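Assemble the whole structure, with the sequences as input and the hints as a guide.
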Amino acid sequence: MTITVQLFASYAEVLGAKSIQIELPESATVKALMAAVSKFPGANRLPPHPLVAVNLSYANQDVVLKAGDEVALIPPVAGG
Amino acid sequence: MTITVQLFASYAEVLGAKSIQIELPESATVKALMAAVSKFPGANRLPPHPLVAVNLSYANQDVVLKAGDEVALIPPVAGG
Amino acid sequence: MRAGIVTRQIDLAALMSEVSKDGHGAVASFMGIVRSVNDGKSVTGIDYSAYDAMAEKEMSAIAAEAASRFLTDAIVVEHRTGYVTVGEASVGIVVSHERRAPALDAVRYIIEELKVRVPIWKCEHYADGSRDWVHAGTGAPRT
Amino acid sequence: MRAGIVTRQIDLAALMSEVSKDGHGAVASFMGIVRSVNDGKSVTGIDYSAYDAMAEKEMSAIAAEAASRFLTDAIVVEHRTGYVTVGEASVGIVVSHERRAPALDAVRYIIEELKVRVPIWKCEHYADGSRDWVHAGTGAPRT
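Residue numbers (my numbering), protein chains in the order written: chain A, 142 to 221; chain B, 142 to 221; chain C, 604 to 746; chain D, 604 to 746.
Please keep in mind that the hints were generated in silico from the structure rather than gathered at the bench.
As the structure is a computational prediction, the values presented were derived from the model and not from experiment.
Treat the hints with care, since some could be wrong.
Unchecked claim - A partial selection of chain B residues facing chain C, derived with a Cβ cut-off under 7 Å: (1) F149; (2) A150; (3) P191; (4) A194; (5) N201; (6) V204; (7) V205; (8) G209; (9) A213; (10) P216; (11) V218; (12) A219; (13) G220.
Glycine included, C-beta positions come from ideal geometry on N, C-alpha and C.
Written out as structure tokens, the structure is:
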């Protein structure tokens, strides 16, 4: 399955894109997703364990992804 | 000396005046003042120990009064 | 820093402009509003009276204490006297600060102290034509 | 109750009118303002960006939590995105309540939670033409 990962703020700058497409086997976890993300050019400038949101909620490494999930990497927040 | 005692809110209603004049010996205390006040008509409807302000500050029973002092009885406050 | 009694409507936006300060990142405010119901009775308005000179002295002292405790002098406090109808503000407090926590702390300090120290009184007027002096700590919870 | 992202100026007076509620005696507010100096550098403005859908979901969740904890639904929260110049508000929170303490508590709860949970980011622009992503907890104290 193809997962589209949205990127924001400093992460979008580091990876040079607003989103990236990741090809993953069915039932892959967030952990597998992040392993794939780490191979992208510029990903070495991401922190060790970036926060991930799946379908608008923060998700831990064990969450299982399915096709159509809305996935995003969340840089350290700084609202207010 | 004559001390003018300002009255406010419910105390002004109870004593039927915005201020009362009290005749006291020199160096009389707030306690003596209050003893004199308690003889005024309506003073039986004051609480046992009304707060007193002397020259815009809360004053205890031992404060010594002098001619020209600005004296007031302070009902329970209810601002805000 | 300014604290005083006013006899007109409280304009919170104006108070916010007044304390606005370059370099400050936080503005906290509190308004006390005349409630339509108190202690189960339908209220039409509150007639506030004050021992003006002492009230302004105490309000200024409270503002100065807040300035000293919370390290900002961008503080304004107004309490209205006279007849205030339901839904209108009786008191307005605005504090600007570099940071958010002390801005909120200062506002809270000021309203709590004001309630217990400042010689201001309220006479509630009810829909049935009656009226009553309201003392803090009696009857229904106060704002 | 309303919480959302806006791309225009925050009008706190309008937010206050929005939450105004018959029977409520207390209105508390907080505004976050873009500071002219941060971490010793002269700031001209902050470009705020957000993951809009998730930010609005989190802001709404925070408002709902505050409503449930502090027992009022008279809550409005706006966070602005885009370029916000020094002195302008980036966030506005207003809570109306019957009583003052929970009104102030709710405002504090909302701003504290917003700062740590809501996916919003700021890129500070400096007078020297440079810019930098600001992460909470780094550099100078944040408002």
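field: Status of the P191(B) interface restraint (C-beta, 7 Å, chain C)
entry: With Cβ-Cβ at 12 Å, over 7 Å, it is violated.
field: Given hint P216(B) near chain C, where the shortest CB pair must fall under 7 Å
entry: P216(B) check passes; min Cβ-Cβ to chain C is 6 Å, inside 7 Å.
field: Satisfaction of the A213(B) interface hint, Cβ to chain C closer than 7 Å
entry: At about 6 Å, which falls below the 7 Å cut-off, the nearest Cβ of chain C leaves the hint on A213(B) intact, so it holds.
message: Restraint: G209(B) near chain C, CB-CB cut 7 Å. Satisfied or not?
response: violated (15 Å)
- prompt: When the nearest CB of chain C is found for F149(B), is that gap smaller than 7 Å?
  reply: holds (5 Å)
task: Tell me if V218(B) is really an interface residue toward chain C, meaning its C-beta lies closer than 7 Å to one of theirs.
output: holds (6 Å)
query: Holds or violated: is there a CB of chain C closer than 7 Å to the CB of A194(B)?
result: holds (6 Å)
Interface hint for N201(B), Cβ within 7 Å of any Cβ on chain C: violated (15 Å)
Supplied contact hint for A150(B), tested at 7 Å Cβ to chain C: With a closest approach of 4 Å, the A150(B) hint holds.
message: Does A219(B) hold up as a contact with chain C if the rule is Cβ-Cβ below 7 Å?
response: It holds, given that the least Cβ distance between A219(B) and chain C is near 5 Å, below 7 Å.
Interface hint status, V204(B) versus chain C (Cβ within 7 Å): violated (15 Å)
task: Let me know if the C-beta of G220(B) comes in closer than 7 Å to any C-beta of chain C, holds or violated.
output: Check passed: Cβ of G220(B) comes within 3 Å of chain C, closer than 7 Å.
Comparing the model with each earlier hint shows violations of hints 3, 5, 6, 7, 8; every other hint is respected.
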